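**Student:** The residues making up each chain are set out below.
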Amino acid sequence: MQQLRRDPIIGRWIIVRYDDIKMPQDYYVAAVPKKQVGRKCPFCKGNEDITPPEIYVDRAPGSDANKPGWNLRVIANKFPALRIEGDLERQGIDIYDQMNGVGAHEVIIETPEHVKDIPDLSLGDVSKIILAYKQRCIDLKKDKRFEYILIFKNHGLSAGASLEHSHSQLIALPIVPKKIKEALRGAKKYYGFKERCVYCDIMHQELQEKDRLVTQNKKFIAFSPFFSCTPYETWIMPKAHNSHFSDIQEDDIDDLAAILIDTLGRLKKVLTDPPFNFIINTAPIQNDQELEFYHWHIQILPKLTQSAGFEWGTGFYINPSPPEQAAKFLRDSR
Amino acid sequence: MPQLRKDPIIGRWVIIATERGKRPHDFVIANDAPLETHCPFCEGNEKETPPEIYAIRRENTAANTPGWDLRVVPNMMPLMQLEGEMGRRGQGMFDLMNAIGAHELIIETNKHVANITELDVDQIACVFDTYIMRIKDLEKDTRIKYALIFKNYGVVAGASPIRHSRSQLIALPVNPKRVKEELVGCKRYYEYKERCLFCDMIRHEINAKVRIIAHSDGFIAFMPYASRFPFEIWVLPQEHSCDFHSLNNSKGLARVMKTVMGKLSVGLNDPPYNYLIHTAPFRRKTSVGYWKTIDYDYHWHIEITPRLTKVAGFELGSGFYINPTPPEDAAKFLNEIKEL
Chain A
1 MQQLRRDPII GRWIIVRYDD IKMPQDYYVA AVPKKQVGRK CPFCKGNEDI
51 TPPEIYVDRA PGSDANKPGW NLRVIANKFP ALRIEGDLER QGIDIYDQMN
101 GVGAHEVIIE TPEHVKDIPD LSLGDVSKII LAYKQRCIDL KKDKRFEYIL
151 IFKNHGLSAG ASLEHSHSQL IALPIVPKKI KEALRGAKKY YGFKERCVYC
201 DIMHQELQEK DRLVTQNKKF IAFSPFFSCT PYETWIMPKA HNSHFSDIQE
251 DDIDDLAAIL IDTLGRLKKV LTDPPFNFII NTAPIQNDQE LEFYHWHIQI
301 LPKLTQSAGF EWGTGFYINP SPPEQAAKFL RDSR
Chain B
1001 MPQLRKDPII GRWVIIATER GKRPHDFVIA NDAPLETHCP FCEGNEKETP
1051 PEIYAIRREN TAANTPGWDL RVVPNMMPLM QLEGEMGRRG QGMFDLMNAI
1101 GAHELIIETN KHVANITELD VDQIACVFDT YIMRIKDLEK DTRIKYALIF
1151 KNYGVVAGAS PIRHSRSQLI ALPVNPKRVK EELVGCKRYY EYKERCLFCD
1201 MIRHEINAKV RIIAHSDGFI AFMPYASRFP FEIWVLPQEH SCDFHSLNNS
1251 KGLARVMKTV MGKLSVGLND PPYNYLIHTA PFRRKTSVGY WKTIDYDYHW
1301 HIEITPRLTK VAGFELGSGF YINPTPPEDA AKFLNEIKEL
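Note that the protein sequences, when read in sequence, are chains A and B. Just so we're aligned, residue 1 is where the first sequence starts under our numbering, counting upward by one. Just so we're aligned, residue 1001 is where the second sequence starts under our numbering, counting upward by one.
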C-alpha cells in the first residue's frame, strides 16, 4: 500500500508510491554531451569580455581583472530577474501589494573549464565555490534593502539551466521566500513544544536509523529525507547546530566541499548525470543572531519526473521512489 | 523595472519580469507525437478499464458495455485505496499513515478527442455534474477529508500519452497543503474585514478590467494579479460559495470554461495544461468549531495553469516564482482572439 508521510517542519503530507516503485534506470535520460564550447559559451575562459564585469574573483596572482587566469568568477546576471538600483516603493493597490523588483542577481561561474561539473572538480576548487557564496553573502547583507539571499544551482536543461557551463546563482531579495517563511514558522513551533531544533532531531534520527543515510563526514551529513517530495531528494546538513549559512567557518568549508562532491558524484553515478537543482536554505539575513530553532541545509532536488500541475496546485507530492531505497542506491554506489 | 507582487491569499511574493516579458510566440510548443493506435478509454473497450463506478448511459445498455456518454472508473494505478485501516502512527519523530482514499478517472466522452474544448457545452456540463455526484458520494465516507479534482492535459502536464479527454478525482484523508494555506489566509482576512477575500478580488478585477478573460453566466475568469505562471487563469462563481459541489449552474460554468480553454488553445497553439478545483474540505458534525466561518470566508474556484515554462527546482524549493509574462499582457493577448 502507498504511504502518506508528513513533513515535520512545514506539515505537508506526501505520498510514497509502493505499487510502482521506480528504479534508477527508469529515470535515465540520454545524456546530452556539452557542446557550446569555445566562443559560444560566455562562461569559458577567454570570453570574459562578453560577460558583465566580475564582482568577485579567484585568480592567479598577476593576472588582470576580466582577463583569463581565473579559477572562479562572480558576475552580475546579464538577464537579471531583479534590478540592483532603486527603492522598493512598497505600495498597495486596493487589495493587492506591490513593490519594485529591487535585488541582486549574480552568477557564480564555478570553473573556467567548460566540460567540468562539481564532482569533477578538486576539493580546493569546490571549497572556493563555497567561499565565494559566503563572501557574497557577507557583502550583500550590508545592503539593508535585502531580507534574504537565495543561492541555488540549476544543472541540466530540464532543471532550468540555460547554459551548460557549470555555474550557480545568487539572488538577494527584499522579501523572505514563502517556503523559508513556512519552515521558520514550523521550526519555531516545534521548538516551542520540544525546546529542540527540529532539524537536529531529524539528523539524530537519520544517524541512528541509518536507512536513509547517504554519506557523512566529520562535520556534515547527507541523507534522503523521510518526507522527500521528489525522488532522490537529498539534504546536506551541518552536524553542529547553525542557522546562518554565511557563518560557516573556514575549517568547515573543506568538509562541506567534500560532502558536496561526494553526494553529487553519487547522484551522477546512480542516475547517470540527472538534471538537478540545489538550494541553500538558510535564515534571513537582517537578523544576524543565531536562531536556536532553525538549521541551514542544502536541498538537492533531482528533476526526474514530470511533476503534474496538481502537485504545484495542491502542494501534495507523489514520490515513486521510497527514500529508504533511494538512499540505499546512493550509499552503495561507491 | 521588474515588479514584486504579493498573492493576497497565501502571502507569496512573485517576480513579474516586466522588462523581459515573454510574448506568447516565445512559448514554442511541439505537438508532433504520433497518434496512438489504441485507446482503452474509447467506446467498445470497456473491458480494458476496471468496472465503472458511475456512467451516463443510453437506455437499456448494460454496465461496462458500449452505449455510454461518460464513465467514471477506478484509476488503473490508484494512489489511494478505500480498503484498509488508516494506520496513523509515528516513527521516531516522523508521522505516517496508509494512503486510504479513492482515485478515480472521469472519462469525459466516448469519442477519441483529446481536449475538453472539443466537447459541446452540454457534455462539459455533464462532466461537472459528474464531479459533483462523485464528491457527494465520497463525502459519505467520514475518513475522507478532501476531494481533489484535476485534469492533466498533454504529456508535459503529466498526462499519459493517450489522448482521450479525461480528468481525475483523488479523495484524501488529509487536506492538501496549498488548500490549507488558502483557508488560513481567507479566514484571517475575514476576521479582519468580515468580507470574503475572493469576493473582494472579483470586485477589484471587474473595476480594473485588465486581467479579465471571460465574464458571463454568473462566472468570472481572470488572470490573478500575482500569477506564478504565464497565462495562469482562475475561474470563480461570481456569487459567493465555498463548496464546488453546491454548484447548480453547471451549464453556465461549462460555457465559460469552454470559452476560456478555447482561447488558451487557439492563442497558445494547444498548450499542455492542468486545471484543478479548489474547494472547501468536507465539514461534518464531528468537526463543529473547525473552520467556523468557512461558509463565509472561502470561495471555490478553478485554477488553470498552462505549462509553458520549465519551472526550476529553486522555484519549487523556495516557493518563489518568476513569471516572465505580466498577467495584464497575457490577458490582452487572449482577449484579442476573436475566432474560437
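Don't take each hint at face value.
Said to hold, decoys possible - Calculated cross-link-like contacts (lysine-lysine; reagent style PhoX-like; alpha-carbon spacing at most 25 Å):
#1 A:K34 x A:K210
#2 B:K1180 x A:K268
#3 A:K181 x B:K1177
#4 A:K179 x B:K1136
#5 A:K116 x B:K1180
#6 B:K1310 x A:K35
#7 B:K1180 x A:K179
Note that these hints are calculated values from the structure, not bench results. All figures in this text were calculated on a predicted structure; none of them were measured in a lab.
**Student:** The structure should be examined with respect to each hint, and the outcome stated for every one.
**Tutor:** The hints, checked one at a time:
Taking the CA atoms of K34 of chain A and K210 of chain A, the gap is about 37 Å. The hint is violated against a cut of 25 Å. With a C-alpha separation of about 37 Å, the suggested pairing of K1180 of chain B with K268 of chain A is violated against the 25 Å cut-off. With a C-alpha separation of about 15 Å, the suggested pairing of K181 of chain A with K1177 of chain B holds against the 25 Å cut-off. A distance of roughly 34 Å separates the Cα atoms of K179 of chain A and K1136 of chain B; the hinted pair therefore is violated under the 25 Å criterion.
Distance restraint check for K116 of chain A and K1180 of chain B: the Cα-Cα separation of roughly 44 Å exceeds the 25 Å cut-off, and the hinted pair is therefore not satisfied. With a CA separation close to 21 Å, the supplied pair K1310 of chain B and K35 of chain A stays within the 25 Å bound. Taken as a hint, the K1180 of chain B and K179 of chain A pair is honoured in the structure, with Cα atoms around 15 Å apart against an allowance of 25 Å.
Violated hints, listed in ascending order, are 1, 2, 4, 5; each of the other numbered hints is respected by the structure.
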